[in-house]
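K.L.:
The chain contents come next:
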Amino acid sequence: MGKTNQNELFDLFGALCDGTLSPQQQASLEESLRSDATARQRYYDYVDVHLELSNLRKREEEFQSLEHLRDELNRMTQGAVSPAETKKPERGAVGWGRTLLSYAAVIAASIGIVLAVQWLTRIDPTTGDSRQLAGSSAAGEQVEYVATLLSSANCQWSGEVRPQFDGQRLLSRDLQLDEGLAEFGFESGVRIILQGPARLSIDSSGSAHLENGRLVLHGHDASMPFALHTPTSTLLDIGTEYGASVDDEVTEVHVFEGEVQVEPRGQSNIARQHLTVGDAVRLTPTATQTVAVDETRFIREVPKPRSMQLASDEKLYAYEGFDYETATLGAGNGGFGFVGPWRNGIPSDPPSLAEMVESSLSLRDASGAATGGAIRVTYGKPCVRTIERQIRLDTDAVYYVSYLMQDLSDAPPGKSQYASFSFRTAAFPDSSNRFGAAITSENFLLSFHNQHQLIVPPEMATGQTYLFVIKIVASRKDPDQVMVRVFGPNETVRHSEPMAWNCILPPVFEDSVYDQLAIYAADKGHFLVDEIRVGPTWRSVMNTY
Amino acid sequence: MNEPGQEPESRLHEIEHTGKPQFVYYFSRDHQRIFAYIFTLLPNRTDAEDVFQKTSLTLWQKFDEFEHERDFCSWACGIAFFTVRNFLRVSGRHRLYFDDDLISTMADERVSQQKRSDARIEALDHCIAKLNNADRDLVFRAYEDGSSIKDIASQMGRSVQTLYNRLNRIRRGLVECVDTNLVSPGVEGDG
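Going line by line, the protein sequences match chains A and B.
Each residue of the first sequence is one higher than the last, beginning at 30 in the working numbering.
Each residue of the second sequence is one higher than the last, beginning at 9 in the working numbering.
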């Protein structure tokens, strides 16, 4: 291809992409492409550039959209505007550059999935892993919760943001604890026990500012160092448990386990130093003084309940143990906390066709206090029932749901043999809003909340009973979030909520009210379900395991 | 005839069918490649979008037939090819299109050169990042919905042809930048 020809060729490519190609130019271009493989190669290269430039606008808008979302969240969490002034984030306008994504979204919407979500989080069906896409994590983190209030004791909060219940998810924000003990679990794996009175500002899953008061930080070897900033220093834990206190401009650090790196901060003139177990120092803006380590100054753990005995405010909202002496579930109306009997689809449908089995499911031999039998769910025989205490995402609350499920599907690989346990709104099927968990045909855990779906391990064995726990964190102003934990027979069920969940779905802004519990199996699916519990705390739905 | 109450479950079944999350994964990964393939054969924006939408729905409907050991993008492009051909047959050729032989040739080459295309697009990011502000501004304006080159030219006090020429120069510069990057990535990377 000569130089002149190449110039002409690029002019033709340009006219083609700009829609200004004349019939004569079309003929010339077609002849070049037909006769010259190199010209075709250049054409493919030019088209790729043209389409990528289209995406340039898309990338910019998506970034701006996420920035906007972060700003909105910051405004709301900092109380800069009243709730009436706040509005939930909207996606940016769709330009030509976004057309591809918008078409993908049209396709996706028709199947109940929004691909914009998939742009942030992809599922690899070959491994079941979910992962952040390159380039999305920095922006994506802006809208993520960074910590959970794991437990608390006698807490009195003040200030603009006041955690209301254990299990509450937290965005980055300032917390003023006037009295009591609060245990925070960060997404990075670090735990902090905050001892009131104290003021802590959570920056991210990996850093916080202690402005005054005391805390104990529990790090671990596998995590990146957590940066705790004080007025005079930054403390970096290295597989550590340490206590820190801040009183005006004086910081004290007492190392109980592991090591702590102390870095000077602000106008501080203190030297960088490395503390090991048994070391303690007092840091002022101008000097470092060694002091005796004193464990008694710090409360290292929030007292945990010694048993699963429930407090008076931890009663179950709903329970179904399938204690029916019938061949099918039919219009079973047992348990408590429900409105009306089981149905075969929606509340106006006939009674459920699901079969009853005599034996209850149990996670382990002699574990649990299962009563009655269980239900056998197969395709065409779903079970739907209305719960009395609605799961409201338009308020500040946390809900827990637990149930036992066993997969008995034995169809050959490749056949659809799937079952889901979900909550829908009363507007179903006109509304596709829902959340829940499922066992996929490949026996992985599928968790879903509206458009978000994630497939993750564990791979569950056929014929084995598993305990599922779904946590729903509802928020009036902040995003709502669904988390799922699955226990196998060899796992210990603890008295308090764990830090680790099998699946934490992305936060979603919505105000739906869920009251339809639906259990459903696909084509060749064959599942047993038992011991359904809905309650306000971890212990309320887990105290029998 | 469905039994009462069966219809919602059928819909739920479709939504929750276990293969569909896999479809979403493959489709979200490859949809831009599929669109590029279609646009290569049918380089008219509106028509390519139309065919892409039809292709996407066909892929969704036929996903149960997809053999997972195959490459999804190749399978999808095969369906896109027939969708393009069908589109050309029924569209009455009221626009300028490539002839059937050329389309077939390019369809084969485009699929077989996917890896090359992927490598070039990856290198292209670096070249796009090096665009100067004026060129980037023009690209943003030109590729934004609702802004015609005529409008942009009027706003900028330039002739329409001048802007077309500039856009072509930018695209050509990027093609050649990628050539350079792929030949000597260290030199470009250090630049």
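A portion of the hints provided could be inaccurate.
What the hints assert, rightly or not - Each computed PhoX-like pair below joins lysine-lysine, with the alpha-carbon atoms no more than 25 Å apart:
1) A:K444 - A:K344
2) B:K123 - B:K138
3) A:K553 - B:K138
4) A:K344 - A:K333
5) A:K444 - B:K123
6) A:K506 - A:K553
Unchecked claim - Stretches of chain A that chain B covers, calculated by requiring three or more beta carbons in the stretch to come under 8 Å of a beta carbon on chain B:
7) 71-77
8) 236-244
Calculated directly from the structure, the hints in this document are not laboratory data.
For glycine and all other residues, C-beta sits at the position ideal for the given N, C-alpha and C.
K.L.:
All hints are to be evaluated individually against the structure, with a verdict given for each.
P.N.:
Hints, one by one, checked against the model:
1. A:K444 - A:K344: Roughly 41 Å separates the two Cα atoms, so the pair is violated.
2. B:K123 - B:K138: Satisfied, since the Cα-Cα distance of roughly 24 Å is no more than 25 Å.
3. A:K553 - B:K138: Answer violated: A:K553 to B:K138 is near 55 Å, above 25 Å.
4. A:K344 - A:K333: 19 Å, holds
5. A:K444 - B:K123: Violated - the C-alpha atoms of B:K123 and A:K444 are around 32 Å apart, more than 25 Å.
6. A:K506 - A:K553: 42 Å, violated
7. 71-77: holds (count 7)
8. 236-244: violated (count 0)
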